[in-house]
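Novice: Sequence:
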Amino acid sequence: MYNNKKILKKYLHGTKKIVQDTVFKPKKILKKRNFFFKKKLQEEEIHSYLFSYTTPLKLYNENTVSYVRDKKNIKKLKKLSQGYYVPEIFIDVHGLNQYQAKKELGKLFFICHKENLSCAGIIHGHGKNILKKQIPLWLVQHPDTIAFHRAPCKLNKNQTTLFLLIDISI
Numbered sequence: 001m002y003n004n005k006k007i008l009k010k011y012l013h014g015t016k017k018i019v020q021d022t023v024f025k026p027k028k029i030l031k032k033r034n035f036f037f038k039k040k041l042q043e044e045e046i047h048s049y050l051f052s053y054t055t056p057l058k059l060y061n062e063n064t065v066s067y068v069r070d071k072k073n074i075k076k077l078k079k080l081s082q083g084y085y086v087p088e089i090f091i092d093v094h095g096l097n098q099y100q101a102k103k104e105l106g107k108l109f110f111i112c113h114k115e116n117l118s119c120a121g122i123i124h125g126h127g128k129n130i131l132k133k134q135i136p137l138w139l140v141q142h143p144d145t146i147a148f149h150r151a152p153c154k155l156n157k158n159q160t161t162l163f164l165l166i167d168i169s170i
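Numbered per the UniProt record's numbering, the sequence shown spans residues 1 to 170.
Think of the hints as simulated: they come from the structure by calculation, not from any bench.
Wrong hints could be hidden among the right ones.
Listed next, with one range per pair, are the computed distances between beta-carbon atoms [said to hold, decoys possible]:
| no. | residue 1 | residue 2 | range |
| --- | --- | --- | --- |
| 1 | K72 | Q100 | 30 to 36 angstroms |
| 2 | N116 | T22 | 46 to 52 angstroms |
| 3 | E115 | K78 | 51 to 57 angstroms |
| 4 | L96 | Q20 | 38 to 44 angstroms |
The beta-carbon is built from N, C-alpha and C at its ideal position, and this holds for glycine as well.
Whenever a hint applies, use it, and build me the whole structure from the sequences.
Specialist: This is the structure in structure tokens:
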């Protein structure tokens with residue numbers, strides 16, 4: 001141990017200590033940016049708080065391929081299932097865990113509101129079918145969802161995409 005200290009002193013002989021004499025002052029502009037950034041994050045996260053991991057069985061049956069909130073929108077669901085509505089935006093949640101997928105789904109709703117998009121696609125992949133089962137439950141819970149349907153074969157042969165129709169009449 002004593003030998004190691006001697007060797008270290010030998011190699012460090014002649015080196016100088018670093019003097020830290022620079023003081024950095026934060027700019028006021030940075031605070032404004034942080035405020036707007038935090039506000040944007042809060043607006044994005046509002047939509048993801050609407051999703052929970054459990055849902056009442058009255059709302060949605062897990063084995064169904066499609067869902068419509070009101071019976072008056074059955075024609076929209078039919079058009080959605082036939083491929084008349086083309087998704088204006090896609091989101092790929094394949095490879096994400098449930099928490100990350102829920103956050104991304106909330107961001108998707110935020111973007112759809114901001115850009116006035118009425119139809120969106122969600123690619124969930126095959127995997128262990130966890131997201132395939134969970135995403136429809138989350139979509140049922142969101143108040144802006146009118147209807148959704150699994151992707152028609154025209155668009156995707158594997159049917160790994162869910163279509164989502166959002167009501168932008170707010």
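Novice: Take the hints in turn and mark each one as holding or not.
Specialist: These are the hints, each one checked on the structure:
{"no.": "1", "hint": "K72 <-> Q100: 30 to 36 angstroms", "verdict": "holds (35 angstroms)"}
{"no.": "2", "hint": "N116 <-> T22: 46 to 52 angstroms", "verdict": "holds (49 angstroms)"}
{"no.": "3", "hint": "E115 <-> K78: 51 to 57 angstroms", "verdict": "violated (26 angstroms)"}
{"no.": "4", "hint": "L96 <-> Q20: 38 to 44 angstroms", "verdict": "holds (42 angstroms)"}
Consistency with the previously given hints fails for number 3 only.
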